[in-house]
Structure formats: C-alpha cells, structure tokens
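J.: Sequence:
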Amino acid sequence: MHQEQQRYRERPSRLPGAVVWTWDVPDHPPREPRSVLPDGCMDLFWTGGRIVVAGPDTHAFQVEPWNRVSCAAIRLAPGTAPVLLGVPAHELRDHRADLADLWPAASVRRLTDRIDEASDPAAALEHLALDRIAETGPPDPRTVAVAEGLRRGRTVAATAAEAGLGARQLHRRSLAAFGYGPKVLARILRLQRALELIRTGLPYAEAACAAGCTDQAHLAREMRDLAGTTLGAYFSADEAADAAANSETPHPSGSRTTA
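Per this note's numbering, the sequence shown starts with residue 1, numbered consecutively.
These are computed hints drawn from the structure, not numbers from a lab.
Note that this is a predicted model, so its numbers are computed, not measured.
Positions of the beta carbon are idealized from the N, C-alpha and C atoms, including for glycine.
Any given hint could turn out to be false.
Quick list of simulated restraints, FRET-style, between CB atoms [stated by the list, open to error]:
id: 1; residue 1: 201; residue 2: 166; range: 22 to 30 Å
id: 2; residue 1: 224; residue 2: 155; range: 33 to 41 Å
id: 3; residue 1: 88; residue 2: 183; range: 15 to 23 Å
id: 4; residue 1: 203; residue 2: 224; range: 18 to 26 Å
id: 5; residue 1: 86; residue 2: 49; range: 40 to 48 Å
id: 6; residue 1: 171; residue 2: 24; range: 22 to 30 Å
id: 7; residue 1: 137; residue 2: 161; range: 21 to 29 Å
id: 8; residue 1: 113; residue 2: 167; range: 26 to 34 Å
id: 9; residue 1: 104; residue 2: 130; range: 18 to 26 Å
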C-alpha cells in the first residue's frame, strides 16, 4: 500500500454532509508540493495549538512539504461553514485563516486547549462543530437545495428556479454561502464528478460527458483551469494512489483531493 494512503483516514461526520478526517505525517514525507483541488467545501483544521479555517478554493492550493503537518479536520458541506463561523464564505475565498482571527481569541484559546488535551482530537473538533451548529441552526434549506442541484448536474437556471430564487438573489446568496457565484460552484462540482467517474474506470471522454462537460477537451480545459494540471498527470501512478487515499464522499475545502 502507498505510504501516504496509510496515513490518511476519513469517516462520515454526525454533522450532515460533513466528513471527519485525519492526516499523520509519514516517517519519510514527500519532498514535492501537493495540490489540493477545489471542491466547493470549507474545512476546520486542528494542528496542535491552532485551529485553522480553509476557505473555498477557486484553484488548486499548493501545500509545500514543510507545511504538511499531522492534523485532524472536519470538511464541511458547501454552505455549512459560513453559518457555523458567522463569516461570509467570500471573505475566506482562496485563504487559510486562524480561527482566532475570526472569533474572540480567548474563546478560541479555550476551544483549542480542549482539543489539544483530547484523546481523540478529530472527535473533539467534530463536537465543536456540532455544538456550534446547535446554537446557530442549520444552513438555509434553499442554500442546501442549490448546492445539491448543482452537485447533481442541474443547470444554474434550473437550480435557481427550483429554489425559488432570481438570478441576482442566487448570486448574492452563493457568494455568502459558497464563496463564489453559482457558475463557479457548478464548474467545481462538475470537475469533481468527472474525476470520481474516472476513478471508477470510466474513460475520460465518457466521464466528461456523464459529468456534464461538452466533451473530453472541455474537461481537459476545466482540469487545467481549476486544478492546474492535466488529466494524464493527475492520474499517473503515484498521484492515483494519493487520490484513492483522499477518496471523495458527498463532499464537504481544502483536504480531500490532491494532484
């Protein structure tokens, strides 16, 4: 088994749509940077003494080898993190921020100490998220419907109509909930669908069409624009092993898929 595959673990969270995951630094960590692909999600990371928020990405996020540290995290479904954090998603777009920069420092210090002392930091972080959502309430059902419609490949227009939103309303809500407009979210989710289909063994061209791309060339352009790489490079032997280790679940940023 690939060394990194042994170090990554994930499980469904008790928080709807979320995934709890952990990463342990290997004895011999890779020397090359890794690219985290955009997925429409946001993550809370605990890294030992810090809680960090990974905002929604519009392009591949480069993680340098010296920044790959052991951590526990919860990947939040599109639209969930802004409710939990009390911060519009677009303010964190393409950004990593300490939770102490968003919440009162004393409060974050207490939360961090609690996770630092926990025997299972991932479970403690999940508990933090569950407690917070219990206070704030869940995301707006229309926001959830928008994310689900786009995830299933519905057009932006059809998704807006189903949610009972006008174009401007949809765009404004999408910026706050997802960090970018619905068209960008649709592209990101479509790319993730295509990659998942390819992982099942479907040829590139068939996966492209099934995911909603015009053809394989369209998928290749999206891969370059959003992932900063090519399909061939992404699915090379070593990278395919990493992609399998960072397997997708319905999909809450910043952790899951590496190129």
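J.: Does each hint hold? Answer for all of them.
T.: For each hint, the structure was consulted:
| no. | hint | in the structure |
| --- | --- | --- |
| 1 | 201 / 166: 22 to 30 Å | 41 Å, violated |
| 2 | 224 / 155: 33 to 41 Å | 23 Å, violated |
| 3 | 88 / 183: 15 to 23 Å | 18 Å, holds |
| 4 | 203 / 224: 18 to 26 Å | 19 Å, holds |
| 5 | 86 / 49: 40 to 48 Å | 23 Å, violated |
| 6 | 171 / 24: 22 to 30 Å | 40 Å, violated |
| 7 | 137 / 161: 21 to 29 Å | 26 Å, holds |
| 8 | 113 / 167: 26 to 34 Å | 46 Å, violated |
| 9 | 104 / 130: 18 to 26 Å | 20 Å, holds |
Hint compliance for this structure: hints 1, 2, 5, 6 and 8 are not met, and every other hint is.
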